[in-house]
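One letter stands for each residue in the lines below.
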Amino acid sequence: GNSVTQMEGPVTLSEEAFLTINCTYTATGYPSLFWYVQYPGEGLQLLLKATKADDKGSNKGFEATYRKETTSFHLEKGSVQVSDSAVYFCALMANQAGTALIFGKGTTLSVSS
Amino acid sequence: DTAVSQTPKYLVTQMGNDKSIKCEQNLGHDTMYWYKQDSKKFLKIMFSYNNKELIINETVPNRFSPKSPDKAHLNLHINSLELGDSAVYFCASGDRFANTEAFFGQGTRLTVV
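Protein sequences, first through last, are from chains A and B. Under this note's numbering, think of the first position of the first sequence as 1, with each following residue one higher. Under this note's numbering, think of the first position of the second sequence as 1, with each following residue one higher.
These aren't lab readings, by the way, just hints derived from the structure by calculation. Hints should not be assumed to be uniformly reliable.
[Said to hold, decoys possible] Here chain B is said to cover these stretches of chain A; the calculated rule only asks that three of the stretch's residues, wherever they fall, bring their Cβ under 8 Å from a Cβ of chain B:
no.: 1; segment: 66 to 76
no.: 2; segment: 81 to 95
no.: 3; segment: 99 to 107
[To be verified] Quick list of simulated restraints, FRET-style, between CB atoms:
no.: 4; chain 1: B; residue 1: Thr59; chain 2: A; residue 2: Thr28; range: 14 to 22 Å
no.: 5; chain 1: B; residue 1: Asn79; chain 2: A; residue 2: Thr28; range: 35 to 43 Å
no.: 6; chain 1: A; residue 1: Gly41; chain 2: B; residue 2: Thr100; range: 22 to 30 Å
no.: 7; chain 1: B; residue 1: Gly16; chain 2: A; residue 2: Gln45; range: 32 to 40 Å
no.: 8; chain 1: B; residue 1: Thr7; chain 2: A; residue 2: Gly98; range: 22 to 30 Å
no.: 9; chain 1: A; residue 1: Gly61; chain 2: B; residue 2: Thr2; range: 24 to 32 Å
no.: 10; chain 1: B; residue 1: Thr111; chain 2: A; residue 2: Gly98; range: 45 to 53 Å
no.: 11; chain 1: B; residue 1: Lys22; chain 2: A; residue 2: Glu76; range: 35 to 43 Å
no.: 12; chain 1: A; residue 1: Lys60; chain 2: B; residue 2: Tyr10; range: 26 to 34 Å
no.: 13; chain 1: A; residue 1: Gln45; chain 2: B; residue 2: Thr111; range: 37 to 45 Å
no.: 14; chain 1: B; residue 1: Glu58; chain 2: A; residue 2: Gly29; range: 31 to 39 Å
All values derive from a computational prediction rather than experimental measurement. Here a beta-carbon is modelled for each residue, glycine too, at the ideal position from N, C-alpha and C.
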């Protein structure tokens, strides 16, 4: 079946450090890939997405590239801020009607000043 | 102009009670979902409805019953609440045939005492 594996946290960084959160997936066909962010006490917000191989999603300084050959969608940011502290979820949606988002277990990021 | 709204935000109740969580979306989407987030932040799909038709029904106790009066609403009714039902429940909506991202509500934190 389809699944998503992301690095376990927590990830603790100082402000302006480089961030990478690894995400790999298992799926039949060509799923769409997403990163969602959950700030404390809030719901999930879409951070970025990519719908086909080699697509790069980007938003708020975050980037992720859909790598079909390595079945990966790693999240990166060149310089994190305290306000980036949140839980980050990698997710996939299979390319067929009637499916739902499948999430990784989430990675907690804590950024200190 | 909230896109996906769910009520209540917090729900504290005793074991054995029956409770409902309501969800409404004004995005014009044809598909709605219920997800459960456990204490470790893991998100798991519970149900999905498309135009009032149940299309995803994961392994969930039959004490949980979704009800969709129309495609803009998907309510979750829980009978005979148990301690293990304590979690955050998220409603979401999306476009079934576009297989794009889902939009999430703010969540309902259910605590069973």
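Do at least three Cβ atoms from the segment 99 to 107 of chain A come closer than 8 Å to Cβ atoms of chain B? Since three or more residues must qualify, the claim that chain B covers the segment 99 to 107 of chain A holds, with 7 doing so at under 8 Å.
Distance restraint hint 22 to 30 Å, applied to the beta-carbon atoms of Gly41 of chain A and Thr100 of chain B: holds (26 Å)
Does 14 to 22 Å hold as the CB distance between Thr59 of chain B and Thr28 of chain A, or does it fail? holds (21 Å)
Three or more residues of the segment 81 to 95 of chain A near chain B by CB distance under 8 Å? holds (count 5)
Between Gly61 of chain A and Thr2 of chain B, does the beta-carbon spacing fit 24 to 32 Å? Given a distance of about 27 Å, which is inside 24 to 32 Å, the answer is holds.
The hint says 37 to 45 Å between Gln45 of chain A and Thr111 of chain B; measuring C-beta to C-beta, is that right? Since the Cβ atoms of Gln45 of chain A and Thr111 of chain B sit about 24 Å apart, the hinted range of 37 to 45 Å is violated.
When you take the CB atoms of Thr111 of chain B and Gly98 of chain A, is the distance between them in 45 to 53 Å? violated (33 Å)
Can you tell me whether the CB distance of Lys60 of chain A to Tyr10 of chain B sits inside 26 to 34 Å? holds (29 Å)
Does 32 to 40 Å hold as the CB distance between Gly16 of chain B and Gln45 of chain A, or does it fail? holds (35 Å)
Against the range 35 to 43 Å, how does the distance between the Cβ atoms of Lys22 of chain B and Glu76 of chain A compare: consistent or not? holds (39 Å)
Just tell me: holds or violated, for the beta carbon distance of Thr7 of chain B and Gly98 of chain A against 22 to 30 Å? holds (27 Å)
Establish whether the coverage given for the segment 66 to 76 of chain A by chain B is satisfied; the threshold is a Cβ-Cβ distance below 8 Å, and no fewer than three residues must meet it. violated (count 0)
Hints 1, 10, 13, 14 from the list above are not met by this structure, while the remaining hints are.
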